[in-house]
Amino acid sequence: PPNPQAAPAPPPAGYVPPTYAPQQAYPQQAYPGYPPVAQPYGYPPQPYGYPPQGYPGYPAYQAMPPATPMVSPHIQRPPTTQISLPPPPTTNTVQSFTNTGVEKKTSLYVGKIPEGIPDDKVKELLEICGTVVSWKRVEDVETKKPKAFGFCEYEKAEHVMRALRLLNGYKIGPAELLVKVDSKTQAYLDDFVVRKKAILLQVKEKDAAAHIEDFDKSQADEDVRVVEELKRFYESLQKDGIVAAVERRLQSATADPKEEGKERSGRDRDKDRERDRERDRVRNRDRDRDRDRDREKDREKDREKDREKDRE
283 PPNPQAAPAP PPAGYVPPTY APQQAYPQQA YPGYPPVAQP YGYPPQPYGY PPQGYPGYPA
343 YQAMPPATPM VSPHIQRPPT TQISLPPPPT TNTVQSFTNT GVEKKTSLYV GKIPEGIPDD
403 KVKELLEICG TVVSWKRVED VETKKPKAFG FCEYEKAEHV MRALRLLNGY KIGPAELLVK
463 VDSKTQAYLD DFVVRKKAIL LQVKEKDAAA HIEDFDKSQA DEDVRVVEEL KRFYESLQKD
523 GIVAAVERRL QSATADPKEE GKERSGRDRD KDRERDRERD RVRNRDRDRD RDRDREKDRE
583 KDREKDREKD RE
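For the sequence shown, counting from 1, position 146 maps to 428 in this note's numbering; every step adds exactly one.
Everything labelled a hint here was simulated from the structure, so no lab data went into it. Just so you know, not all the hints are guaranteed correct.
[Unchecked claim] Straight-line alpha carbon distances no greater than 20 Å define the calculated PhoX-like cross-link-like pairs of lysine-lysine that follow: (1) 426 to 394; (2) 394 to 438; (3) 427 to 405; (4) 478 to 466.
Start from the sequences and build out the full structure, keeping to the hints where you can.
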């Protein structure tokens, strides 16, 4: 390699040294073991292996201190939301599932409602089994009177299943309610129970068996509580006289056909006698009118005779 201490090349002909202050010099990279040499007139440093530029007779410019290395600023990244996968089912998740409502509200048919029980009492009876979202009793189009059936929508599937277990066949006096669901709703309820127990089986086997047993026991305990409340509801109906009113209406509707026939025959005979009496009154009135007409004719004849005599 060339010697870095070699003399620089001579200046060109006609060169005049500048009188202004020298420009900033860039430090010249040097070989290992040699001090850095400043590059005059603002020229960038030359690579290794080339001697620094300069002119004889002029002192070299003082080298600039080495520049402080620049530290790149810290780039702040926008905060990101950490997405974590749901943990596997545990005891707490299973219990929370069993206590949450279902996605779909389900309804059931309530029929054979006895005549005489107010509609608000029917809704009160349905609310004993769970949260009622809506209750609609069908009305007659012409008379606007409530019919003997309606449709109830519950908030949870457990409430519908409890109403099916406890209200179907519930007696109000001699009358029995008819509570049922269609085939589509029944399939949904069956699938709901299967899915719930499948979630319970995803935990440890011994824990799953315990949770399934607890779930069944909680449903049975709730049924016992509802049965006691239904008994108190029936006692309130008896106290208000609603049960007695229902019994009277049912007795009149289901009377003995023979007795009913006798009663009807008696009413028919009374109507026949009344028609006969009315017929006799009309006949007598017509006879009196005819008699009066005949008498008037006779009197007219007598007057005519008297007039003829007067003319003679």
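Do the hints match the structure? See the list:
1. 426 to 394: Holds, because 18 Å separates the two Cα atoms, which is no more than 20 Å.
2. 394 to 438: Violated - the C-alpha atoms of residue 438 and residue 394 are around 24 Å apart, more than 20 Å.
3. 427 to 405: The given pair, whose Cα atoms are some 17 Å apart, holds under the 20 Å limit.
4. 478 to 466: 19 Å, holds
The structure fails hint 2 only (numbered hints given earlier).
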